[in-house]
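Residue numbers (the numbering used here), protein chains in the order written: chain E, 1 to 161; chain H, 1001 to 1272.
Don't read these hints as lab results, they were simulated from the structure. Some hints here could point you the wrong way.
Unchecked claim - Pairs of lysine to aspartate or glutamate residues, derived as DMTMM-like cross-links and limited to a Cα-Cα distance of at most 25 Å, are as follows: (1) 118/E <-> 1134/H; (2) 1241/H <-> 45/E; (3) 1184/H <-> 1169/H.
Claimed, not checked - Simulated coverage check for chain E against chain H, where a stretch passes if three residues somewhere in it have a Cβ under 8 Å from a Cβ of chain H: (4) 50 to 64; (5) 85 to 98; (6) 140 to 152.
Model, not experiment: these values are computed from the prediction. Glycine included, C-beta positions come from ideal geometry on N, C-alpha and C.
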Amino acid sequence: MTSVVRLALLPIIVMIVAGCQSVGATDVSTGEGAGATTPIAVEVDVMSGVPNPTWTMSNSDSSTLSGLIASLAKGGQADESADPGLGFRGFILRGLDLSALGSYDQLKVLGNEIIASKGGARGVVLLDPDRSVYTMLRAMSEQYLAANVFSQIPVDGMRGA
Amino acid sequence: MFEVELDIFSGRPNPRWVLDSQEEQEFLVRLSDGSVPIVSLSTVEDALGYRGFIIRADGATAAILTARGLPTSFRVRDGFGQTLDVASESWLLYSAAPVGIAGNVVAHAKSAMGTAADADTDAACSGVFTSTTDLTKWNGSHQGSNNCYNFASNWITDTFAQPGRGAGEQYHAITAPEIHDAAKRDGYTDACGGRSLMVGYCIWPGSDYHWYRRTKPVDGGVRWCHKPGGTSARNYDSSGKPITDPSTCDRGPYTIWGGFMFWKGAHNKSVR
Chain E
1 MTSVVRLALL PIIVMIVAGC QSVGATDVST GEGAGATTPI AVEVDVMSGV PNPTWTMSNS
61 DSSTLSGLIA SLAKGGQADE SADPGLGFRG FILRGLDLSA LGSYDQLKVL GNEIIASKGG
121 ARGVVLLDPD RSVYTMLRAM SEQYLAANVF SQIPVDGMRG A
Chain H
1001 MFEVELDIFS GRPNPRWVLD SQEEQEFLVR LSDGSVPIVS LSTVEDALGY RGFIIRADGA
1061 TAAILTARGL PTSFRVRDGF GQTLDVASES WLLYSAAPVG IAGNVVAHAK SAMGTAADAD
1121 TDAACSGVFT STTDLTKWNG SHQGSNNCYN FASNWITDTF AQPGRGAGEQ YHAITAPEIH
1181 DAAKRDGYTD ACGGRSLMVG YCIWPGSDYH WYRRTKPVDG GVRWCHKPGG TSARNYDSSG
1241 KPITDPSTCD RGPYTIWGGF MFWKGAHNKS VR
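Build out the structure end to end from the sequences listed, making use of the hints.
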């Protein structure tokens, strides 16, 4: 390869490397606020017969939410308390990198508690005393839900959570 | 007190006897368990010879039956439905031992018990009841992909089954009539005929539907279970209370009760 070709390739190589570096992992645990470029999928766990409403957050909102979650402290292992059954049961978040918490694949946002889980098995609890994550999700959900469904989502989170 | 009548003769009076206290308790358990094929007194086979047993309860026994939602007078005869289980009839025939029914009469009754009855009016209705307390089949790896309709149908599809979809026409709106008609397309009926799943449905107006299924009695009492969406199957309502009647239990936002329906058999494999 001639020196001219090598020089011509150099900007391309630089751009490729820069592009790779800009794709940061969504690291919930580090608290470094790495930022999310993987959109977070949200599921409102509220229905019984029909599938639950779902949507995918924008990159910007995903980054904001990931930052909030990354700042939360752990609160021990979740107990096996029963969900309330019919009606609103929480927000389910997928698409986050939860590897630092354990082998979990989703978070369930109940209010001031967020529970990591996989395959229905509950794991570690994250504490959100200000309900910052819940409040953001509740506000966001209004545009995606019918009014009578949105009205089922309590303002202050679920009882006991 | 339970009086038992062996309906077998034409010209002579049928044999009658009363169950003793131990037999009465056992029969109450069998009735509460849904394992006795009950039909109305008016259901009669057009046949000479064995036509089942007629049961009449009075006094405190009748009060117990009434409290459990059971009739106080009924006929016991299997064979009207899909399955033929002569256990209850054999047990009743055995209870006649002290009466001393002629051997050839007993032999004929035993023989006739193993054949299907031949009446299609008011066909035998009895429940196919799975456990109220062991719901592990629904709460493991299949939990998230099966919903209330799967549970009511006692059939795991991993498709989050929808009423009517298996028949090629899903419901068109979330209303009680639409859900009812879609379920009928899946084979559910409004009347019970034979050994059947007993289910009920309700509506969250404009948003969703939910189904329940009757399960085995607990402590002699009627029980129902349900499965809210992809969450766990359970035997309590939204207030944490055991469900004895889904039409009156706490159903959260599912405020409209649709009704009860039946599927003849143990699994509605039509649902998708």
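Against the structure, the hints come out as follows:
1. 118/E <-> 1134/H: At roughly 23 Å apart (the allowed maximum being 25 Å), residue 1134/H and residue 118/E satisfy the hint.
2. 1241/H <-> 45/E: It holds: about 22 Å lies between the C-alpha atoms, which stays within 25 Å.
3. 1184/H <-> 1169/H: Answer holds: residue 1184/H to residue 1169/H is near 11 Å, not above 25 Å.
4. 50 to 64: holds (count 3)
5. 85 to 98: n = 4 at 8 Å, threshold three: holds.
6. 140 to 152: holds (count 4)
No hint from the list above goes unmet by this structure.
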